[in-house]
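Please build the complete structure, drawing on both the sequences and the hints.
Those sequence lines, one after another, are chains A and B. Using the numbering used here, you'd call the opening residue of the first sequence number 1 and step up by one each time. Using the numbering used here, you'd call the opening residue of the second sequence number 115 and step up by one each time.
Since no wrong hints were added, every one of them can be taken at face value.
Computed footprint of chain A on chain B; a stretch qualifies when at least three of its residues, placed anywhere within it, have a C-beta under 8 Å from a C-beta of chain A:
(1) 143-155
(2) 162-172
(3) 215-222
Over the 12 Å line for every Cβ pair with chain A, so calculated as not near, a few chain B residues:
(4) V126
(5) T127
(6) G130
(7) D132
(8) R136
(9) E182
(10) R183
(11) T184
(12) G185
(13) V188
(14) T190
(15) R195
Treat the hints as calculated values from the structure; they're not laboratory data. Source: prediction; values computed, not measured. Backbone N, C-alpha and C fix where the C-beta goes; we use that ideal spot for every residue, glycine too.
Spelled out, the chains give:
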Amino acid sequence: GESVGLHLPTLSVQEGDNSIINCAYSNSASDYFIWYKQESGKGPQFIIDIRSNMDKRQGQRVTVLLNKTVKHLSLQIAATQPGDSAVYFCAENRDKAAGNKLTFGGGTRVLVKP
Amino acid sequence: GAGVSQSPSNKVTEKGKDVELRCDPISGHTALYWYRQSLGQGLEFLIYFQGNSAPDKSGLPSDRFSAERTGGSVSTLTIQRTQQEDSAVYLCASSPHKGPDYGYTFGSGTRLTVV
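Put into structure tokens, the structure is as follows:
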């Protein structure tokens with residue numbers, strides 16, 4: 001099966017500061033992207049999504065940016081809070097013809113320092 | 115129920131034994147997915163059920179892995195003759211959509227440890 005497992009990078013951020021989490025994707029045909037948050041012992045939780053016809057989308061305290069030219073996706077968290085400490089995954093819908101499964105990146109651990 | 119329910123939450127088994135992992139999706143969700151998450155890594159796709167269509171089994175790592183979905187609801191993932199490399203968290207997700215739109219709702223997973 002597909003495996004996108006990588007060593008887990010860690011982002012340490014001071015409470016109140018902004019966080020930026022980056023993700024590179026490989027398939028230029030991917031047209032839909034999602035960011036998930038996973039807290040310890042829980043399943044991933046949907047945060048925000050974006051389609052390839054957009055380059056920016058905002059939610060509550062979160063913004064996703066998509067740069068199709070360099071196949072790069074980022075998640076910005078404003079005024080990071082202790083509850084934001086978690087592992088964050090990007091996911092892409094690579095191949096609609098092959099089904100509707102998502103392919104996940106390796107994840108970034110965010111640690112919020114008080 | 116209100117969310118995706120998986121059982122057991124933890125399973126320790128001896129190498130060579132068979133295990134069954136259960137997933138109760140959200141009622142009415144037609145799509146059901148199984149993913150595997152090894153320690154400190156991302157999610158690896160295993161299998162996908164959509165309504166009455168034939169499942170997409172392209173992610174199953176070997177023929178020791180199989181899954182069923184009965185009556186379009188509950189799903190069971192079976193691992194035969196477990197190996198230590200099967201140790202991981204097995205996550206189930208469901209969705210009301212045919213596509214990945216709005217993402218899936220994940221359960222909390224079953225942590226499988228093969229000793």
